[in-house]
Amino acid sequence: MTDATKPTPEPAGAPQRDYRDTVFLPKTDFPMKAGLAAKEPAILDRWARIGLYDRLRAARAGRERFILHDGPPYANGDIHMGHAMNKVLKDIIVRSQSLMGKDAPYVPGWDCHGLPIEWKVEEAYRAKKLNKDDVPVEQFRAECRAYAEKWVAVQREQFQRLGIMGDWADPYLTMKYDAEAAIVGELLKFAESGQLYRGAKPVMWSPVEKTALAEAEVEYEDVVSTQIDVAFEIVDAPNAPELVGAHAVIWTTTPWTIPVNQALSYGPEIEYGAYWMASDDRLIQVLVAMDLVGDFEKRTGLRNEDINSAPHWTIKGSQLEGATARHPMHALGGFFAKPRPFLPGDFVTTDAGTGLVHMAPDHGEDDFLLCKQYGIDPVFAVDGAGMYRADWAWLGGQGSVINKKFVGADGPICTDLRGVGALLAASDDFSHSYPHSWRSKAKVIFRATPQWFIPMDRAQGASTSLSTNGGGDEDAPTPFALSEVEGPGSSNGATLREIALDAIAATKWVPARAENRITSMVQGRPDWVISRQRAWGVPIALYVHRQTGEYLNDPAVNARIVAAFRDGGADAWFTADHQALLGSDHDLAAYEPQRDILDVWFDSGCTHVFTVEARYGEGTRANLYLEGSDQHRGWFQSSLLESCGTRGRAPYDAVLTHGFALDGQGRKMSKSLGNVVDPLKVIGESGADILRMWVASTDYFDDVKIGKEVLATASDAYRKLRNTFRYLLGALDGFTDAEKIEPAAMPELERYVLHRLAMLDIELREAATGYEFNRYIRLLTDFANEDLSAFFFDVRKDSLYCDAADSPVRRAYRTVLDTLFHALVRYAAPVLCFTAEEVWQTRFPDEEASVHLLEWPVLPDLAVDAGLVERWRTLRLVRGDINVALESARREKRVRTGLEADLGVRIPLAPPLRAIEEVGLDVFTELCIAASVEVAPGDTPAAGVEVTVTPTDKHKCGRCWRHLPEVTVDGALCDRCATVVA
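27 is the number of the first residue of the sequence shown in our numbering; add one for each residue after it.
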């Protein structure tokens, strides 16, 4: 600018002009206050109106597919925080995969069968004093279906309100006809391949719900039970005849199993002693483990009458081989009069009790397996309601065995044992953990019943012959197997357990520790009990021969069954013309159609068949399963076993597990504690994006906390990110492509920020690929807060507001802001799906457009040398020291802002001095946002950067407010502002 064109400074003392209309302040309609609770429903409506999900499928068609297969929640009740956390995390992953250019469909699903729904329908019956068993099964099933349909509709709306994007118009439901046909088809595959048998084994049984339960349907609670010590008189002991007449003592916390006792078990290596014990009115010789005699005396109050308390006889457990005792109630005759053999058990220890264990094969896994080795079968004395059979000689028709009074120290069991002199101790004071039904909250029992099993350790392809019981009981009118043995067709193929363990090793587990957990569960699990004695579910559509107890294995019959289910759903089995299904080759009179239904875990274990394979092709595997950590024993495992049994592999490539949502103090949420955090209430008050922000910011691989303080933290992080977008929108007001300049022509600061963005881009992609969204959102918010708001925006606001519109620096800055906008709004979209859409529509309003149709940003090519990066990293560190000094001066009221400060900076290290020299003092002064800066070498490296802050004596520009030498009086213009205003 020549002297002739240079603006004339205003004379001293002239009235100060208001220059606000000449400053380029950010301008946007994007509000600082989010108002998410009101805005989000309108955004959802627009997405539905434009068919966003279907348009996204069309846009990504032909791309690499990413399938996150949804684990089905039960269709009962409003969603809770666990649902919200799970669905939001799934949605973030699906959206991020779509952002990375993949075709990432999401098909939500529901588990519609089983006890949770049936129980609710029964509750309504009980309220009307009706009995479900008096209602035709077809009517009852129809009411269950209607109940499930109701809650599918409710939960669908609630999940969508969370911003979950998916195929809500066509979700998968396990009660749809095609699903039920696929489920029964998978069952029949197991049957045709010989991986199915019917046998009697003790299983978890709910007397209240009258059905077997899967382990995943059971939860453990601390209870106080009755403990008893019972004496069994020894009647024969070939290897220790001196014990005849002594009493073997057992200790148990399940008194109700004594009426079903059939044997006693000992530890072969345990040392036992025969002791004479006395009470005030009795002398008795007892056999107990020597290590436990002290505890025994304390429980019973008996006094040791032997000299020096030494046992009268000592034996090793192995000497009890061949010994027998008689049941305390032997006088009843029949079952109770049979001698009770002593059997060696490697599970018998001296950890507690007496070192002798009573065996009731009806009611314990160890009991059943040991007794089976010696030809002792269950007797099925306890019925489905927990009552002793009416014809049982002792306590027939009485119960229930989970009734505390019935089994208590003063109940009929203990009273009768006390009456025959067999009860040595009884007290209602034993605290321990005990299994309960997670639905009814009632105690469960182990109960041997005829059930259908998938064997874990039978070689694939092996045929089986079944040794039957020769007749039925109240649960099974036809014969059933008490044991299974491999027949002559046995193969040397791998077992289901081996295949499953190999599949686990071939799967990616996130976090990695999850692999050990599911491996140990599969290694130790028993055969899979797949039958339930309920009405609402997919029936076990098999025909069992009334004489042999074997199920019919005819592919033609099976094909007709599947076709019938496809046409009429599972209800078809209950109303079927079974002779028509059997065809002309089989006589219905010879076969019994099964009435049990399938375990709902088998249902959900088949979802990969009628969802993933049905929609994307046979053999297609899901890329990811994602559920809570409790699903290692639930859906992850049932899906694994089902797929390994029918396909020889897992149905998934990777599995991600997350923890549980706890209250703000880390406690399990409970209505009784009043600490339940309702996601619907959070959404109604704060909006779904706040909840989504919380989910992404948690370390969700472990249990996470949520409460007012936690949500306040999430809200604060959200507010800062929202303000970043608000600044970008305002600063880019009026920006067009004509204003852009190439990175090579930009100042170093802009090129450095583009480099930082490029590094962020790499890290975010890595985090998204690894499902680490805690890291993802932290990287994003840290970049927005530290690199942008606290640094880049702060340094360049003077250029933005006060430079000429065509200033190269301002153009470069706005070009970078545009790049930042396009990148950040995309990065935020998977997490803050509503806010990202609001941001995008604010800048690019278009009814048919959506940020969620966009892909991962393509950043400008930038050749940034390492020297520039290191130089600006160093400058930022020095600036940090200067900001500390300025903040101190502001607190002391020596200056109001950095613009009023002259800085003296002494730096003892060469690299920072060199960095300042390379960028120039003017640039460094702009970086410090100060009136002036003088830099000098420091003397002592240990002292670090030393900063002195002095109020400047320079005058303040009336437009940019900078204190500069050329400003002659406060309010006059600096050279730059005079030029711009002119």
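Any given hint might turn out to be false.
In silico DSS-like cross-links for lysine-lysine, where the CA-CA straight-line distance does not exceed 27 Å [said to hold, decoys possible]:
{"#": "1", "residue 1": "Lys746", "residue 2": "Lys59"}
{"#": "2", "residue 1": "Lys155", "residue 2": "Lys431"}
{"#": "3", "residue 1": "Lys158", "residue 2": "Lys128"}
{"#": "4", "residue 1": "Lys154", "residue 2": "Lys697"}
{"#": "5", "residue 1": "Lys176", "residue 2": "Lys158"}
{"#": "6", "residue 1": "Lys467", "residue 2": "Lys155"}
{"#": "7", "residue 1": "Lys236", "residue 2": "Lys467"}
{"#": "8", "residue 1": "Lys176", "residue 2": "Lys919"}
{"#": "9", "residue 1": "Lys53", "residue 2": "Lys65"}
{"#": "10", "residue 1": "Lys431", "residue 2": "Lys467"}
{"#": "11", "residue 1": "Lys215", "residue 2": "Lys176"}
{"#": "12", "residue 1": "Lys430", "residue 2": "Lys342"}
{"#": "13", "residue 1": "Lys746", "residue 2": "Lys697"}
{"#": "14", "residue 1": "Lys53", "residue 2": "Lys146"}
{"#": "15", "residue 1": "Lys707", "residue 2": "Lys746"}
{"#": "16", "residue 1": "Lys534", "residue 2": "Lys128"}
{"#": "17", "residue 1": "Lys731", "residue 2": "Lys746"}
{"#": "18", "residue 1": "Lys146", "residue 2": "Lys128"}
{"#": "19", "residue 1": "Lys53", "residue 2": "Lys694"}
{"#": "20", "residue 1": "Lys146", "residue 2": "Lys467"}
{"#": "21", "residue 1": "Lys823", "residue 2": "Lys734"}
{"#": "22", "residue 1": "Lys53", "residue 2": "Lys823"}
{"#": "23", "residue 1": "Lys430", "residue 2": "Lys176"}
{"#": "24", "residue 1": "Lys731", "residue 2": "Lys707"}
{"#": "25", "residue 1": "Lys155", "residue 2": "Lys236"}
{"#": "26", "residue 1": "Lys746", "residue 2": "Lys734"}
{"#": "27", "residue 1": "Lys146", "residue 2": "Lys823"}
{"#": "28", "residue 1": "Lys128", "residue 2": "Lys154"}
{"#": "29", "residue 1": "Lys823", "residue 2": "Lys707"}
{"#": "30", "residue 1": "Lys697", "residue 2": "Lys146"}
{"#": "31", "residue 1": "Lys53", "residue 2": "Lys746"}
{"#": "32", "residue 1": "Lys467", "residue 2": "Lys731"}
{"#": "33", "residue 1": "Lys324", "residue 2": "Lys155"}
{"#": "34", "residue 1": "Lys431", "residue 2": "Lys342"}
{"#": "35", "residue 1": "Lys694", "residue 2": "Lys746"}
{"#": "36", "residue 1": "Lys694", "residue 2": "Lys734"}
{"#": "37", "residue 1": "Lys766", "residue 2": "Lys823"}
{"#": "38", "residue 1": "Lys467", "residue 2": "Lys324"}
{"#": "39", "residue 1": "Lys467", "residue 2": "Lys697"}
These are computed hints drawn from the structure, not numbers from a lab.
Pairwise hint evaluation, Lys176 against Lys215, where the allowed Cα distance is 27 Å at most: violated (33 Å)
Within 27 Å, alpha carbon to alpha carbon, are Lys53 and Lys746? holds (18 Å)
Given the hinted pair Lys128 and Lys154, is their alpha-carbon gap at most 27 Å? violated (53 Å)
Please work out if Lys154 and Lys697 have their alpha carbons no farther apart than 27 Å. holds (26 Å)
For Lys431 and Lys467, compute the direct alpha-carbon distance and say whether it is at most 27 Å. holds (18 Å)
Straight-line alpha-carbon gap Lys731 to Lys746, limit 27 Å: holds (22 Å)
Distance restraint between Lys534 and Lys128, which requires alpha-carbon spacing of 27 Å or less: holds (20 Å)
Has the given pair, Lys53 with Lys146, been kept, meaning a C-alpha gap of at most 27 Å? Status violated; Cα separation ~56 Å.
Take a quick look at whether Lys707 and Lys746 sit within 27 Å of each other, Cα to Cα. holds (23 Å)
Holds or violated: Lys430 and Lys176, Cα atoms, limit 27 Å. This hinted pair is violated, its Cα atoms lying about 38 Å apart.
Holds or violated: are the alpha carbons of Lys467 and Lys155 at most 27 Å from each other? Within the cut-off at roughly 21 Å; holds.
Would the pair Lys467 and Lys697 pass a check requiring their Cα atoms to be no farther apart than 27 Å? Roughly 14 Å between the alpha carbons, so the hint for Lys467 and Lys697 holds.
Going down the numbered hints, you'll see the structure goes against 3, 8, 11, 12, 13, 14, 18, 19, 21, 23, 27, 28, 29, 33, 34, 35, 38, while the others check out.
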